[in-house]
Amino acid sequence: MKRVLAVHDVVKVFEEGSQRVEVLRGVSLDVRAGEVVALEGPSGSGKTTLLSIMGCILTPSSGRVEVDGEVMGGDPDRLRRVRRRSIGFVFQQYNLFPALTALENVEYALSVKGVRRGAREQASRVLEQVGLGDRLHFLPRDLSGGQKQRVAIARALAGSPPAILADEPTANLDTTAGRQVLRLFRDLARQEGKGLLIVTHDPGVREVADRVVGIRDGRLVDGAESAEMAGRAGRGRREAVVS
Amino acid sequence: MVSLARRNLLHDRLRFLITLAGVAFAVTLVLVQVGLFMGLLDKATVTIQHASADIWVTSKETPNVDFAHNFPETTVLRVRGVPGVARADNLIIQFMNIQLPSGAEEGCLVYALEDFGAWNLPWNVQGADVRDLRRGRYLLMDRSAERRFGPFAVGDYREILGRRFKIIGTTAGAASFTTAPIVFMDYGNAQELSDVIRNRTSYVLVKVAAGADPQAVAAAIRRVAPYNDVYTRDEWARRSRSYWIVSTGLGMNMGVTVFLGILVGIVVVAQTLYTSAVEHVKEFGTVKAIGGSNWDIYRILGEQALIAAVVGFAVGGLMSWAIRPLMARLYLNVLVSPSFALAVFAGTVLMCLGAAMLSFRRVAGIDPALVFRT
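As they're listed, the protein sequences go chains A and B.
My numbering applies: residue 3 is where the first sequence begins, and numbers increase by one.
My numbering applies: residue 832 is where the second sequence begins, and numbers increase by one.
Wrong hints could be hidden among the right ones.
[What the hints assert, rightly or not] According to the in silico footprint, chain B covers these stretches of chain A (three or more CB under 8 Å from chain B): (1) 75–89; (2) 109–121; (3) 210–220.
Since the hints were made in silico from the structure, they are not lab data.
These numbers were taken from a predicted model, which means no experiment stands behind them.
Ideal Cβ placement from N, Cα and C applies to all residues, glycine included.
Can you make the complete structure from the sequences, with help from the hints?
Below, the structure is given as structure tokens:
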């Protein structure tokens, strides 16, 4: 399968005054078309930084980033173009535009991506695809958490990018809604051939993931260690649900 | 095409109303204040604009049409002999005291000509023919005098400098910047009232012959009347206006008012747009994360500023329009020309866009990575 996202030996260092923090230390990872990759790790392990670099929002201090076969440089305009064309984002807090309806949220994203003609029809189509055909004209405040996240997924799908990056997409959802969202992700990979990278603490993601990758202290860790981390995270989540 | 700018504005209705109130206040302040000023300035030159004189000959250094100084009336004879002059007549403009029925005395501004009809003075005459002024001690009084002199009617008598005059008609629209009401009487009658103007005149009004260049004729008159000043109609109107604008400090006062109006508008719009930008910072981060540029965000803020400008101008314009009848009752004219309204509109747009610049600076630095922070 074609690689839609890849990083090779990526290092990211943040410097603030005399402080120098190495957040990523030589990370290599790829995501192929039709594949769901789960990225797990404790807070501060570098997973969001890795997601930002793979999403062309941050540039690495060193190493190589490839999106849809194209090697990225540091030119902000080019990175922005690639984000528009090749990457969809799903955020933990949904980040919908509260003044716009579900349909308009997707339509606006299309307009940012440069799609003007037929944007409304396309937006309507992707919302139907995520099961919100009957909620097109609802404002985010009138939608449940699961529905909001599905609008966010529809927005990520707008423009048909080959890769979707999701940051803790189920963290604010109850178990049922979370499961529906994950199933949707799996279907997108299987049926649409999207490559998905999901940053998560949710053990439920393992059920839909083709691969689980762990990260700790800025380095990818092996599967066993990753499973251990996921178990800890899963217990935490179950406890939270019970309480 | 969905407009995030418009929808966000309508979503934050209270903030939008505050923004509109700020813009509308600034627009109203500028339109009414400057309109009143223009109305006052119009009074300063209304007789110059209506009189059919192409050239005005004045005494040296006369500052404006109301504050006339007198010079020998024989000057008119030399003026009449200048090539290109079709007609020249003396005009007296003189402050005189008028006695009211209450016994009080007030000042009035007397305009005196031999043949008013030849100079289109006065205009809007009601109840009389201007030619009747020559038939006796008659006068025409402008309706605006009621405010200072109290009610009067055609047929009433008033004493000016101790001489009784019969009011044979009224005029409308003849006003002086000084607020002294204008009365019109025959030239000879006026000269009988005061030694100051006996055998003297305040102005010589000149009509140039068809095809003659007023500037060239004015230059020729200057040569035959070296102890007078000679102005074309526009020059004289400009000089009269400039006196009130510059010499009295009214221009400065107006400038300060306009500046304050604009300042209030900028502060309100900048503050509300900036607060809005700060509150929507995560949305703007999202726009950037999904591939939008700073320009996409500038466009949102710019569109909001434009909407505030257009709607605020409309509201402010309507308020100014509504104030006009109230001002008219006080004999104050709010004069807003289409070109001035257009200039205020352009200024409003610039003001709002300028105010949005503050927010531009704020959003330019938004890091799209903030969308991953909770």
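The hints, checked one at a time:
1. For the stretch 75–89 of chain A, the proposed coverage by chain B is satisfied: 6 residues have a C-beta within less than 8 Å of a C-beta in that chain, meeting the threshold of three.
2. Given as covered by chain B, the stretch 109–121 of chain A passes the check, having 8 residues with a CB less than 8 Å from a CB of that chain where 3 are the minimum.
3. Given a C-beta distance limit of less than 8 Å, the hint that chain B covers the stretch 210–220 of chain A is violated, as 0 residues qualify and 3 are needed.
Violation of the numbered hints given earlier is confined to hint 3; every other hint is satisfied by the structure.
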